[in-house]
Every structure is written in C-alpha cells, then in structure tokens.
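2 protein chains.
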Amino acid sequence: MALIDLSKQVALGIDIGGTNTKFGLVNHRGEILEKGSIRTDQYGEVEEYIEDLYKTVAPLLKQHCSHRQFDGIGVGAPNANYFRGTIEHAPNLRWKGIIPFADMMTKKFGVPCKMTNDANAAALGELLFGAARGMKDFIMITLGTGVGSGIVSGGKLIYGNDGFAGELGHTIVKPGGRKHWSTGSEGSLEAYASATGIAVTAKKMRAEFPESMLNEFPEEDIDSKVVFECAKKGDPTAIEVFRYTGQKLGEALANFVMFSSPEAILLFGGVIKAGDFILKPTKLHMERNLLPIFRNKVKLVFSELDEADAAILGASALVWEK
Amino acid sequence: MALIDLSKQVALGIDIGGTNTKFGLVNHRGEILEKGSIRTDQYGEVEEYIEDLYKTVAPLLKQHCSHRQFDGIGVGAPNANYFRGTIEHAPNLRWKGIIPFADMMTKKFGVPCKMTNDANAAALGELLFGAARGMKDFIMITLGTGVGSGIVSGGKLIYGNDGFAGELGHTIVKPGGRKHWSTGSEGSLEAYASATGIAVTAKKMRAEFPESMLNEFPEEDIDSKVVFECAKKGDPTAIEVFRYTGQKLGEALANFVMFSSPEAILLFGGVIKAGDFILKPTKLHMERNLLPIFRNKVKLVFSELDEADAAILGASALVWEK
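The listed protein sequences correspond, in order, to chains A and B.
Heads up: the first sequence runs through residues 1 to 322, numbered per our numbering.
Heads up: the second sequence runs through residues 1 to 322, numbered per our numbering.
Note that these hints are calculated values from the structure, not bench results.
Certain hints may be false.
Every beta carbon over 10 Å from chain A, so not counted as near; a handful from chain B, in silico [claimed, not checked]:
no.: 1; residue: V46
no.: 2; residue: P100
no.: 3; residue: D103
no.: 4; residue: H170
no.: 5; residue: D221
no.: 6; residue: V226
no.: 7; residue: K233
no.: 8; residue: E240
Below, computed lysine to any residue pairings styled on SDA-like, alpha-carbon distance capped at 20 Å [unchecked claim]:
no.: 9; chain 1: B; residue 1: K283; chain 2: B; residue 2: A195
no.: 10; chain 1: B; residue 1: K283; chain 2: A; residue 2: G176
no.: 11; chain 1: B; residue 1: K297; chain 2: A; residue 2: S185
Bear in mind the structure is a predicted one, so any value in this text is a computation, not a measurement.
We put the beta carbon where it would ideally sit given N, CA and C, even for glycine.
All chains should be built: construct the whole structure from the sequences, respecting the hints.
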C-alpha cells in the first residue's frame, strides 16, 4: 500500500445538468487534468447516456492514469440521493422514476461511484477548493434557472434522514405568494430569486412602468441578463427588479441564519453576475430580519470558483470523502 | 482508572428559566437521583444566585456521591453559548450583558461546567432518554412562553459557527406580520405559536366573534389554557385559534423540513397540552407546504418526557457528551 503515490490518484467528477453534462478528471490537489462535456438531453434512455459518457471518458482516463490510479466517480445531479446513489423523479431530466445511477456507473466503469445533488456538490467544491476553505459552517445558495442549496454544518454536508436535505429554494418566503411554474407551491424562494423568477418579476414591473428600458425588448428576450444590462444603464425599473429580488432573498437568508448560524453564505450561479444590484439589497434585508445576536456576523459573499469547475471539483471530492 | 464504577458517576443537570431554576442529580442511566429548584428571578446579582444554588445543591451531592464520582455540571439556559460557556443578553433574565456563567460555576463547585440553550438541552434529553432515542436527525420545537428549538443533524446538535444556531422561533413566517412584543420583528413564528402568541390571537378573535365562550373571561385571564378549555367545550372560535396557530406552525415546520430533512419533529412545552386541536392543523399545513419528495415521511410527535425532566436530563448529558 505504501507504494501508492496519492498525488497520482485520479477521480472523475461529473456535473449533470438538464441540458449538459460536464466532467473532469481531478487529482488530489483539486487540479482538473482534463475537462469535457456531453449533452444530457439527447438521451431518452439512461443506458445510452452512460454508454456514450463511457466512450467519451475512457480514452482520457487511459491517457492520464492507470486503472489502479483511478479511485472512483463522484456525481452531482438534480434530485440525487446521497444514501441510495439514485436520481429520483428529477423534473429537469428525461429519465423518469428512480434511477439506480451509481450502481449503473460502477458496473460500466468498474470503480465506486458516489452521488449527491448538484448544489451539495458545488458546496463541497467551495469547501475544499474555494471561498469556504477552512470554514466549518456555511450555506451555499445557487441562483441559476432554479435555486439550490448545500448546507455545511460542523464541517459536514447536511444530508438529513433521507439524503434530500437542503432544498432551500423550495422554502416558502411569502405564504400565498407567487405560484411556482413547476411545483405549484405558492411563494417559494425559487419563484422569486431564480433567473426564471427574476424574469417573471421583470415582466410584471415593466408592464407597470411603460417608460422602462425593459420595454424595448420582446417578451421572450426578458431574462436576468437583459435586466442586468438595463440596470447598468441606470434604468430604475431594472434596478427595482433586483432590489425586490434581493429583498425576498435577504428575508429568506435571515431565516437560514437563525437555523444553522453559519460563518458565511456563499452565493453562486448566473444571477450573481448582477453584482451589487443583487448583493446590496440582499444584505440589507438579511440583516434587518436577524435577531440582534446574529447581526453583522455572517459574511455574504460570491463564490470564487468558476461555476462549472465548482460542481466538478465538488463531485470529485465525494470520492475521497471520509 | 478501571476502578471507577461508571454507574456510580453523577452529573448535575440545571435548567435555568426566567422564573425558576430546576436541577437534578443524574446518573449514567438517566435516572434522576434527586431533584430541586430555586427561584431565578430573586437574584439581581448572578454571584448571589450561584452562592445560594451551591448551598442548596452541596448537601444533596454529599449525600449521593463522593467528589470523585461527581463528573460535572451541565446547564441549559436562555441565550447560553455552548462554545463560550456564557449567557449573553438574555431578555428574560435579570443578569444583563455577557455572563461567564460556566467559569463561575466551575470556580464554585470545583468541576467542569458545560452549557447550551434550554431548547438544545431539551433536545439532548429527548435524544438520549426520550422519543428521539436512536434518531440521527430530528428537530425539537419547544412551545412555551416563547418558541425555542434544538436541531439534531447526523446525531449531533447543530451549534453553528457561533454557538447560537437553532433560533427557529425567530424565523419570519409572515413577512410584515404581527409585531413581536420583545424583539420588534414582524411575523416571527414565536409571535404566533408561543403561548403568548396564542393569547394574542385569542384576544383578537374573540373581539370578532361576540358569541364566543372566550368572551366570558376577563382580558387578563385569556391564555392558551383557557383557549384549550373553551375548545374542549366545542367553542368554534377557540378551535379556530388553535387551527390558525397550527397553520402558522405547520408552514414554518415545512420550511424546517426542507432545510435539514429530519426523521421527526418533536413538539414540547405547555402548548402541546392542546393535543389534536394544535397537532392536526399543524400536520395538515406542514404536509401541504412540502415538496412531494418530503411528504408523508416526517413524524410529527409530542415529547414523551416530563417537561422539567427533559431539560435536566439533557443538561446533565452535556457532561458526558463526546
């Protein structure tokens, strides 16, 4: 055993999204030796997907390590269950029902495979290689098409009793509020703070303010990127879209802080490109809703890692997790 | 070392409330060998309080164990900090500022002293000796004068970065809602689901329904006990008070479940005497606000331990915690 040079060991980190799957070969130092991607949405059958993924990855593996140096596979995927190694009823994937994904991967690749949800994987990436290095208690909030979260407490990811902990995007921030387009719940954080939610807010607000620059765009082009462009040009309505989003997000974050009292909250994902337009109102409303004992203690920061890398690094870290 | 008979070792468990302090000598099996109490609110100075506590407890200690068998003191107190052994700015205690309580106790009693907040102590009590035995993930909600909480995840209490985690009573369940009488926050869980909050709801509702039995009582007598008496007699307004309370509590619990995905939520404290009047609407609204993957999984149960015993047992367990 002493003959194994740990620095030469390699893990395959995989980040499965609804559209694309990104993967990387990662070593113990968190260096990505090789990256690549395949489409996720092209495969109606998970078997074909795994077959093609194998064909794409196998030559790269051969190039970078011997089979003895290949320690395993870590996967971040929507609705992935850490305890069971399954993907369960993921609304954004074509594979329906409960998929025993980890077992299928192990059969194909001949190495152990561990999984967790995509936001948890990103949180692990930040913990090991990003802005959360050395932290024992932090919450990662991913603000993309949806809102995901990974919660680290006492140095460990919270998986909960059934492996599904940390669905903070689906917590209700405004009872009886905006109906979610897919879950049907009313007033969830995701309905307001995701890129999708921001587009909904923008469409409502531009209808109220005919003079807004946002009205220069066709309906289908209104997204968080366009809102950001208009905000940068000083459009008060676009700025108000982010302020309102930040208020809802900040109120939610205050509740999360009173739950697990983290050292920091890391924001991650496409929406954070809006910078201070989103960060400042979020911080204001988080602080305003905290008990005094929690105030001005919790760092609210943007992720430092490249978005794609964080998930790959975090997923690969599952392989070496104790 | 082998000569120590563990079953003879004793811990002093202390539960500090705003009015009374209860204590017990507890052995390794969770048997309370001796119980007692002193007033908390009689002492303007914490030094006098500790002096009198010592005078009360010392003879009992002498009776039940040698100094070698006395392993330490565990304390549950409002706003107690686990990491620092302090009581910090507790609104319901007369001792203001930051009190180095654990150090003061150690100096007086000559043994180590550990502390945590009262709800955490009760959660530990349930984990070791009550309804949560064998569980790794559960949330304890105490519904008394206020609303407290203790969160166990992966078999351990969540203390957070600063030792103040688990202030779920102060999470906002209705933004812009009822103003809290002491914190000033708007729409916190405590403002609705505590005994104090229930009294507020009852006073509002009886004013709307002149025919309610609740109107037979003078203003100052309206409390959760009176509401329960009227509900038992079939008064629709009193029943509605608990239904409304359960709705707010259930909505909050759904958010907590999506945070840490517990196996069970334990309800504890005076308010649970209302039984199904509070339990049924709480369960209904919890389930209604959960994502499908969490539905019908989480047990919602009442504590099995005597209220006073749970806190004493949990506090004493701090002494032997790894």
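Structure-inconsistent hints, enumerated in ascending order
4
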